[in-house]
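**Q** Each chain, written out:
2 protein chains.
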Amino acid sequence: MTHEKSFENAIELAKSMTSGGKPVLAADAILKKSCELIDSCGIAMLASNGNNGYPNVKAMMKVETEGIKTIWFSTNTSSKRVVQLRKDPKACVYFHNEKCFKGLMLVGEIEVLSDLESKKRLWREGCEVYYPLGVDDPDYTVLKFTSKWANYYEGLQNISFDV
Amino acid sequence: MTHEKSFENAIELAKSMTSGGKPVLAADAILKKSCELIDSCGIAMLASNGNNGYPNVKAMMKVETEGIKTIWFSTNTSSKRVVQLRKDPKACVYFHNEKCFKGLMLVGEIEVLSDLESKKRLWREGCEVYYPLGVDDPDYTVLKFTSKWANYYEGLQNISFDV
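Chains as they are written, first to last, in the numbering used here: chain A, 146 to 308; chain B, 146 to 308.
Certain hints may be false.
One copy or two, it doesn't matter: identical chains are merged, so the pair holds either way.
Straight-line alpha carbon distances no greater than 20 Å define the calculated SDA-like cross-link-like pairs of lysine to any residue that follow [what the hints assert, rightly or not]: (1) LYS225 - PHE306; (2) LYS265 - PRO234; (3) LYS247 - MET206; (4) LYS247 - LYS265; (5) LYS225 - CYS186; (6) LYS178 - LEU258; (7) LYS244 - CYS186; (8) LYS247 - VAL274; (9) LYS177 - VAL228; (10) LYS177 - VAL274; (11) LYS293 - ASN196; (12) LYS232 - ASN196; (13) LYS207 - LEU301; (14) LYS177 - TRP294; (15) LYS225 - GLY198; (16) LYS207 - GLU243; (17) LYS247 - CYS272; (18) LYS244 - LEU182; (19) LYS177 - LYS244; (20) LYS247 - SER224; (21) LYS289 - CYS272; (22) LYS247 - MET205; (23) LYS225 - TYR298; (24) LYS214 - PRO283; (25) LYS225 - ASN303; (26) LYS264 - CYS245; (27) LYS247 - GLY271; (28) LYS244 - GLU270; (29) LYS225 - LYS293; (30) LYS247 - LYS264.
Hints are computed from structural coordinates only; laboratory data are not their basis.
Please model the entire structure based on the sequences and the hints provided.
**A** Put into structure tokens, the structure is as follows:
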């Protein structure tokens, strides 16, 4: 899809989401839509507080989720991200569907976990490429994100709610 | 593509990017690769500093770019993002290609512009869906992001450099 086509689609979708200027997205559908969006995404964007007050972003593979409340990732213990999150657990996890012009921002905090139970829980076939020593690899760390509030958008509408 | 397939692809790519544990990505190719990645993306993730010290993320349509130094967006003047950026211009713009497992993080600052020249520059056909009053719409604002430094990753390798 070209960028121009993508832009046209977004405009069409934006138009379709309103009727006479009024939003048509029912509030009670938001949670369901949020979960569906998460389920459809293999990747999430993780934002943390980097050096000198600048936010940093990285794409992360979503490994496990519990509704919109808890999102689990794994990463290298030696990564800059882990250093940042140990210093400041405040984070944002963002899911989006570019074609459908939908996005879900979750704002909350991340726990950096290194207990064996969590590491076993998140371990998948192929993880040894990232963590050659296996599930015990000291360079293998689990990140558990817990949402405090969320913002869901679709077309021109968006709504914020507590999680 | 299923998530499992995506994960397999990432592993294959991660393996192909190293040879006997050594990175094979030449440093002088990074800037070229960064520009190519930006060109291939219609959407960027914009992170700003939200309330109470939490980072916030939103997908934004990339409208214009000048290499990796300057990225231009437009948004609603009334949006929460504009309020945040006026208070704190520190931001992060992130481009990524999920299939190829490539990402570029740009860290820098955003200027919130409302001068007619900038607004005309960024105006595109279809913008009136977002800004019904046209290029003069007071609810139409231009965001000019200027990079200070960058981090590019591909497979298991990543490199940070000043912009």
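**Q** For which of the previously enumerated hints does the structure constitute a violation, in increasing order of number?
**A** 2, 4, 5, 6, 9, 10, 24, 26, 30
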